[in-house]
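Colleague: Chains as they are written, first to last, in the working numbering: chain E, 3 to 344; chain A, 3 to 344.
Accuracy of the hints is not assured; some may be wrong.
Copies of the same chain look alike in the list, so a pair counts if it fits in one copy or across any two.
[Said to hold, decoys possible] Below, simulated PhoX-like cross-link-like pairs (lysine-lysine); rule was C-alpha separation at most 25 Å, straight line:
id: 1; residue 1: K272; residue 2: K253
id: 2; residue 1: K253; residue 2: K99
id: 3; residue 1: K192; residue 2: K82
id: 4; residue 1: K83; residue 2: K192
id: 5; residue 1: K241; residue 2: K253
id: 6; residue 1: K84; residue 2: K192
id: 7; residue 1: K277; residue 2: K253
id: 8; residue 1: K155; residue 2: K192
id: 9; residue 1: K253; residue 2: K276
id: 10; residue 1: K205; residue 2: K253
id: 11; residue 1: K100; residue 2: K277
id: 12; residue 1: K99; residue 2: K122
id: 13; residue 1: K255; residue 2: K205
id: 14; residue 1: K255; residue 2: K277
id: 15; residue 1: K272; residue 2: K255
id: 16; residue 1: K82; residue 2: K100
id: 17; residue 1: K208; residue 2: K198
id: 18; residue 1: K253; residue 2: K82
id: 19; residue 1: K307; residue 2: K259
id: 20; residue 1: K192; residue 2: K122
id: 21; residue 1: K276; residue 2: K255
id: 22; residue 1: K276; residue 2: K259
id: 23; residue 1: K259; residue 2: K272
id: 24; residue 1: K198; residue 2: K155
id: 25; residue 1: K99; residue 2: K259
id: 26; residue 1: K277; residue 2: K259
id: 27; residue 1: K241; residue 2: K97
id: 28; residue 1: K255; residue 2: K97
id: 29; residue 1: K208; residue 2: K25
For the record, the hints were derived by calculation from the structure and aren't laboratory data.
There are 2 protein chains.
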Amino acid sequence: MGRTIRVAVDAMGGDNAPFEIVKGAVEAVKESPEIQVLLVGKEAVIRKELAAYTYPKEQISVVNATEEISCEEAPVVAVKKKKDSSIVVALNLVKEKKADAFVSAGSTGAVLVGGLTIVKRIRGVERTPLAPLIPTETGVSLLIDCGANVDAKPSQLVQFAKMGSIYMKHVVGVENPRVALVNIGMEEEKGNLLVKSTYPLLKECKDINFTGFIEAREIPHGAADVVVCDAFVGNVILKLYEGLAATLVSKIKEGLKSTAISTIGAAMAKPALKKTLKSFDTAEYGGAPMLGLNGLVVKTHGSAKSVEVKNSIKQCVTFVEQEIETKIRENLTTEEPAETEQ
Amino acid sequence: MGRTIRVAVDAMGGDNAPFEIVKGAVEAVKESPEIQVLLVGKEAVIRKELAAYTYPKEQISVVNATEEISCEEAPVVAVKKKKDSSIVVALNLVKEKKADAFVSAGSTGAVLVGGLTIVKRIRGVERTPLAPLIPTETGVSLLIDCGANVDAKPSQLVQFAKMGSIYMKHVVGVENPRVALVNIGMEEEKGNLLVKSTYPLLKECKDINFTGFIEAREIPHGAADVVVCDAFVGNVILKLYEGLAATLVSKIKEGLKSTAISTIGAAMAKPALKKTLKSFDTAEYGGAPMLGLNGLVVKTHGSAKSVEVKNSIKQCVTFVEQEIETKIRENLTTEEPAETEQ
């Protein structure tokens, strides 16, 4: 057993809070003795939920926070005003090094704003991307950036490529991850101003395995391990992924029930089909890390059930153990003269 | 029977030319007595293909063109130099009003460049978008723009919204089509500079049914009839649609064959499943029109088989009969003082 990993968890965030959040935390500590969860939120509510489970008591503690930030609130204002909200209290635990990581299924905007203003960027990091893992035919790819900050600059995309590469190598375990830039064609002269300016910069990077452009069609086939794009495009890709998969699955279910014979056939094929579709369920892959901060912040789906909460908490262990933060710090500051930093 | 619709067809373009193209043309004229196809390309080759079919001879003629433009060639150069290519010859037929429309499965770049430089924009139209129909849970939506010109301006997106609205109403038959702008959130303050500047302009348009922003997740659910975006984003959406659908279908097939019982079940469910998946096949919906030109130009998939070629040719009939070109001309010039135009 290595060091203890302390994960602050937003007990009040998400559509299924506090029930699924607390349940996920209990499941995580049961499976991983090295995890220490700090459930942040209304203490009485959390304690009541916890009372329903049997678990190693020393692995879960409760940190009281009397306020909540809803998804409808303007993030910047909410984070500034609600000092005693579960998100702000938890992020302060990370800032003060009382927690190694923070996991929330709450307001994405508030988590991103809070991460940036409370935990703060690593020196030298221009922008902190939100980078979910998305399922592909061959495994998973990291889609970076899917955050809220759009209109990115080429230098920021280059940093995304580097941070994404570090994450895929050390957290997911992909050797020499293939890094590609999303574009609408494969030729160097294609694309918008942003990708045309970014391409030559990425080509010059010696520390990543840049494979060139990737068209959106190739993303589900797993043609790159790190898929780099502006947050606007990343958000469109991520949400279309979710929407299209849901639509196709419901269409298929409907089709399978359309005749008596197909219904019987469907019943026979169901277990195999279920397993297949599960491999394409984004919930299986835990949360999306916000990279480049002085600490780890992970955003899970608002609709997260306990399994996703559990996976998001467990994912923090590898991140912390592999010292991703240090690796990003070292890697993104090599461009400056070596003697001024580190 | 109304007027004859003359459609120039690029017999040499696409992965399956000339076989599937000529076959599609034959199928189109057999089904629609009002269609006159002009097969453009190497005459001897086309005549040899045609010899295999029985069809109303007066409905198909051949126009010789000795050159071909491949997908690997730089479009601007190819269109300029290859004056006797099937694409350039066919586009000149449209320009000279010897054809009402042009259908090609060949180089998208050459078709777009040729459309713009030979057939030319309607006066007042700033940019001519490529607008495919994409399948949704409830029917089809028009995705506008998926062309090659990126970094669009707000005024161009407004024109896309208007042209798309006209197309969906008069060609597809959707009453009061819902027009939405692709964004990464629903709130007015979200998004990149482009969508934030476009939103207020669309809100002011009295002649379209603008319903606000649409997140990519909602596109497959059919939440809008006209989905407006910059060509970069449109291209990403279109290609991800194709890639993800293909991946999911292959995953499902693989899953269905994973056990003996599921294989039997799958065989029973196959016809129903096939029907369902067919409704999500972009090939069913013919080609993508390039809107805003002085004539109709339709681009079909490079991989088009005869059914898609046939559908693309037949789609020209409604476009011409409904006088879409005139409607676009009238609608997009109403912003100028009425007396200066028309």
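Colleague: Now tell me, hint by hint, if it's right for this structure.
Modeller: So, going through the hints one by one against the coordinates:
1. In this assembly of identical chains, the alpha carbons of K272 and K253 lie at most 25 Å apart whether taken from the same copy (15 Å) or from different copies (14 Å).
2. For the identical chains of this complex, K253 and K99 are neighbours neither inside a copy (48 Å) nor across copies (44 Å), given an alpha-carbon limit of 25 Å.
3. Proximity of K192 and K82 under a CA criterion of 25 Å is satisfied inter-copy only: 19 Å between copies versus 42 Å inside one chain copy.
4. Proximity of K83 to K192 under the C-alpha cut-off of 25 Å is restricted to the inter-copy arrangement: shortest distance 21 Å between copies versus 45 Å within a copy.
5. Taking CA atoms no more than 25 Å apart as the test, K241 paired with K253 passes in both settings, with 18 Å inside one copy and 20 Å between copies.
6. Taking the closest pair of Cα atoms, K84 and K192 come within 25 Å of each other only across two copies (22 Å); inside a single copy the shortest separation is 46 Å, beyond that limit.
7. In this assembly of identical chains, K277 and K253 lie within 25 Å of each other by CA distance both inside one copy and across copies; the values are 17 Å within and 10 Å between.
8. Both within a single protomer and between protomers do K155 and K192 lie at most 25 Å apart by alpha-carbon distance, with minima of 18 Å and 18 Å respectively.
9. Proximity of K253 to K276 under the C-alpha cut-off of 25 Å is found in both arrangements, the shortest distances being 15 Å within a copy and 11 Å between copies.
10. With identical chains, the CA atoms of K205 and K253 are never at most 25 Å apart, being 42 Å at best within one copy and 34 Å at best between copies.
11. When the C-alpha separation of K100 and K277 is checked against a cutoff of 25 Å, the pair qualifies neither within a copy, at 39 Å, nor between copies, at 57 Å.
12. Taking the closest pair of Cα atoms, K99 and K122 come within 25 Å of each other only inside a single copy of the chain (13 Å); across copies the shortest separation is 64 Å, beyond that limit.
13. Proximity of K255 and K205 under a CA criterion of 25 Å is satisfied in neither setting, with 45 Å inside one chain copy and 38 Å between copies.
14. When the C-alpha separation of K255 and K277 is checked against a cutoff of 25 Å, the pair qualifies both within a copy, at 14 Å, and between copies, at 12 Å.
15. Taking identical chains as interchangeable, the C-alpha atoms of K272 and K255 lie at most 25 Å apart whether they share a chain (10 Å) or sit on different chains (12 Å).
16. Proximity of K82 to K100 under the C-alpha cut-off of 25 Å is restricted to the intra-copy arrangement: shortest distance 21 Å within a copy versus 67 Å between copies.
17. For a Cα distance limit of 25 Å, the shortest separation of K208 from K198 inside one copy, 19 Å, qualifies, whereas the shortest one across copies, 37 Å, does not.
18. Taking identical chains as interchangeable, the C-alpha atoms of K253 and K82 are never at most 25 Å apart, the minima being 44 Å within one chain and 46 Å between chains.
19. In this assembly of identical chains, K307 and K259 lie within 25 Å of each other by CA distance neither inside one copy nor across copies; the values are 27 Å within and 30 Å between.
20. For the homomeric pair K192 and K122, the shortest alpha-carbon distance between copies (22 Å) is at most 25 Å, but the shortest distance inside one copy (36 Å) is not.
21. Taking the closest pair of Cα atoms, K276 and K255 come within 25 Å of each other both inside a single copy (11 Å) and across two copies (12 Å).
22. Taking identical chains as interchangeable, the C-alpha atoms of K276 and K259 lie at most 25 Å apart whether they share a chain (15 Å) or sit on different chains (13 Å).
23. Taking the shortest Cα distances, K259 and K272 sit within 25 Å of each other both inside one copy (12 Å) and across copies (11 Å).
24. For a Cα distance limit of 25 Å, the shortest separation of K198 from K155 qualifies both inside one copy, at 11 Å, and across copies, at 18 Å.
25. When the C-alpha separation of K99 and K259 is checked against a cutoff of 25 Å, the pair qualifies neither within a copy, at 54 Å, nor between copies, at 51 Å.
26. Taking CA atoms no more than 25 Å apart as the test, K277 paired with K259 passes in both settings, with 19 Å inside one copy and 12 Å between copies.
27. Taking the shortest Cα distances, K241 and K97 never come within 25 Å of each other, neither inside one copy (31 Å) nor across copies (41 Å).
28. In this assembly of identical chains, K255 and K97 lie within 25 Å of each other by CA distance neither inside one copy nor across copies; the values are 47 Å within and 48 Å between.
29. For a Cα distance limit of 25 Å, the shortest separation of K208 from K25 qualifies neither inside one copy, at 44 Å, nor across copies, at 51 Å.
When each numbered hint is compared with the structure, violations occur for hints 2, 10, 11, 13, 18, 19, 25, 27, 28, 29.
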